[in-house]
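Q: These protein sequence lines map, in sequence, to chains A and B.
Quick note: the first sequence uses the working numbering, first residue 49, plus one each step.
Quick note: the second sequence uses the working numbering, first residue 49, plus one each step.
Read the hints as simulated data drawn from the structure, not as lab findings.
All values reported here derive from a predicted model rather than from experimental measurement.
Honestly, I wouldn't trust all of these hints.
The list treats identical chains as interchangeable, and a pair is accepted whether it falls inside one copy or across any two copies.
[What the hints assert, rightly or not] The list that follows gives simulated cross-link-like pairs (lysine-lysine, BS3-like), each with its CA atoms no further than 30 Å apart: (1) K401 - K335; (2) K335 - K315; (3) K368 - K52; (4) K369 - K88; (5) K53 - K295.
There are 2 protein chains.
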Amino acid sequence: MNTKKLKIGLFGFGCVGHGLYEVLQQTPGLDAEIKTIVVKQKNKSRRLAPEWFSYDKSEILNDAEINLVVELIDDPDAAFEIVKQALCNGKAVVSANKKMIAEHFEELLELQKQFQTPFLYEAAVCASIPIIRNLEEYYDNDLLRSIEGIVNGSTNYILSKTASENLSYQQALQQAQELGYAESNPRLDTGGFDAKFKLLLLIAHAFGIVLQPEQIFHQGINKLGELELNYAREKGLKIKLKARAFKNEAGKVCAFVLPEFVSKNDKFYQVDEVYNALQIEGCFADKQFFVGRGAGAYPTASAVLSDISALRYNYRYEYKKRQEDNEMEASENIFLRVLLRHPREASDEVRSKFLDTEELYKNKEQAYTIGIITLAELQSTLTTEDVSAVLMDLPNSAEVSQYSEKFGEIAWLQE
Amino acid sequence: MNTKKLKIGLFGFGCVGHGLYEVLQQTPGLDAEIKTIVVKQKNKSRRLAPEWFSYDKSEILNDAEINLVVELIDDPDAAFEIVKQALCNGKAVVSANKKMIAEHFEELLELQKQFQTPFLYEAAVCASIPIIRNLEEYYDNDLLRSIEGIVNGSTNYILSKTASENLSYQQALQQAQELGYAESNPRLDTGGFDAKFKLLLLIAHAFGIVLQPEQIFHQGINKLGELELNYAREKGLKIKLKARAFKNEAGKVCAFVLPEFVSKNDKFYQVDEVYNALQIEGCFADKQFFVGRGAGAYPTASAVLSDISALRYNYRYEYKKRQEDNEMEASENIFLRVLLRHPREASDEVRSKFLDTEELYKNKEQAYTIGIITLAELQSTLTTEDVSAVLMDLPNSAEVSQYSEKFGEIAWLQE
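If we strip away everything but chain A, and leave its shape as in the complex, we get:
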């Protein structure tokens, strides 16, 4: 097989951009070299000589010699403009920008088709874990049942610290920011948006369904309070922010991002700090578990590098599983067992939304309810700042069928 010599135009020279530069220096056999680096700020000190840099994106986009654009900038809108133009100009593109990809998935599919140019983005999901490639190539026929995982390193770091060092959420967040594991504006991570964008990409490659970000419910970790953290500590559990997508018995896909309690014998329990982990369940292969660094310059750069390497062989995603009809389950039909923390005085109103309540607790200010609730009802309770949910587990189908019968029997729990 003949390999293609790659001339790279690189957008962005932050942590990952610089990591990629170093990684390319150390893999001379790859036959790929950076020709031009376009950055935004002119007067920033950088670790390469000024002649490497340009501030004009056309110096990459209109350079006929450059056949590969690597986009590693922060701004998703600017990133989309760059990627669009590069694909239009017939250049292959590698990106790590999950927000941009999730928000423009359909357009990006269309552009790839129209201009027959490959667009790869392994680094956008779980950095070093080769999940997109495996979903696309390896699990293309093994009927997939579910994919779930810890897909955000910042929030996992914060949650790990609340567990291992008994830090409060605010203290752990501050520590993560000081160490560079969380942004100064951390909401994209802590609010669960980043996890949702990644889940959207995973769903596209696992089940062939392309969603809009608004179609996936997410709650991050920024509403977690000491009550839930203490509950976990007392019971020997950990809380992990997890993204899940699975097929239910009707064959429809259910998807959401929620903090979850994880017990000691759960594989995810040991996944701490900035590590990410994914579990895939197939009808035949059963459960596959992948763990790796979910963030960091080199792990992310190594995923970018694998995309670059694959482009030498003209690799592209085929989106073989793509299907037009959107087999998503309605949130009214998704049942969850959750711990819901809410103000003491709101108890009745909140509890009326549960199909079954199993445990109640209250102190002078707060209360929590553990029980079965639909995703739709859960969403409606989480609209206020002082209500927060942690998933206990997913009720099995026998349990689900009982709830409608049981509904109405829970008067004893009401005050």
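Fit chain B to the supplied structure of chain A, relying on the hints for placement.
A: Just chain B now, kept in the frame of chain A:
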């Protein structure tokens, strides 16, 4: 991309063969169908009608309509003849026979090249874990440092039972045999041969080095005694049979199969029963951990299925990393910290082989020594039935440099 319609000739209809048949039935979209099944025994009752079966291998090998041979028989010599003939006849081949592949790797490479026919064998290593494909495609440029793992399900099942149910080795083996997790002649598994064959395949795809089975040292679990099992129980450790290959500081590859003590905070600690796990360490991607079922009809069939699916797109291994010069480290230069169990009276002789001895123990019959030993010396001690080793860890380079100095200072330990 156009996909190829596949007509399959299947050799063998045991557990995995039947699993593959079922899996294919349930994935009609694959456009691959079994045309003929060749089996050995004529008078065996089978779960398909007799017209599916033939007893003459030429009915597959000389059938021009069959473009894919799936080889799932036990006998490695017969398997090699089938695979060779199929490749010569221009048919793609999928196999799960690690012993056959490990023993004929060079010839199989040559045949693929000569006849330009693809030969895939994902199911040969860790069944459902997609490791060969990932080493071949995804980690083709990320400079790999090491690959290590639990690659044999039978032995992991036996070892799990010695830990979780305090069974003796013999009791656990018997239970495994009763459940079909171990063969009636289990030596291929318990002796560490199977793990070695898999390691040979992993080394070829990880580092591009093709070895003969004799070049890799292996000790299985069949020599483990109650002394080592009790040592593990008392210290809260588990014993796992692990295959390892890693580059040392000189850039040379060290490889061996040995039982190892694994502590609670080790990722492999939780990998029990018939599960397999692999950890890959790359210079940039850092550590990647994969866990999945290492045996069983469906997990193995699902790996076969993924190979079949890839062949629709004319996928083949490119062996891009292949290198002729054999950069293996000599066993004299590989240092291990081991617990060596030996007869009480052999103590002096055994201990003289250690570079450094750290702990001694003896009772009325037996003794053990913990210390640093080269792989070459370890091999020479393990030639008798009553000596058995369990790896404690790999000494770091600072430690290694001390041993030659320390050598001679250990007289106080001698009797």
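Q: In ascending order, which of the hints set out earlier in this document are inconsistent with the structure?
A: Per hint list: 1, 4 violated.
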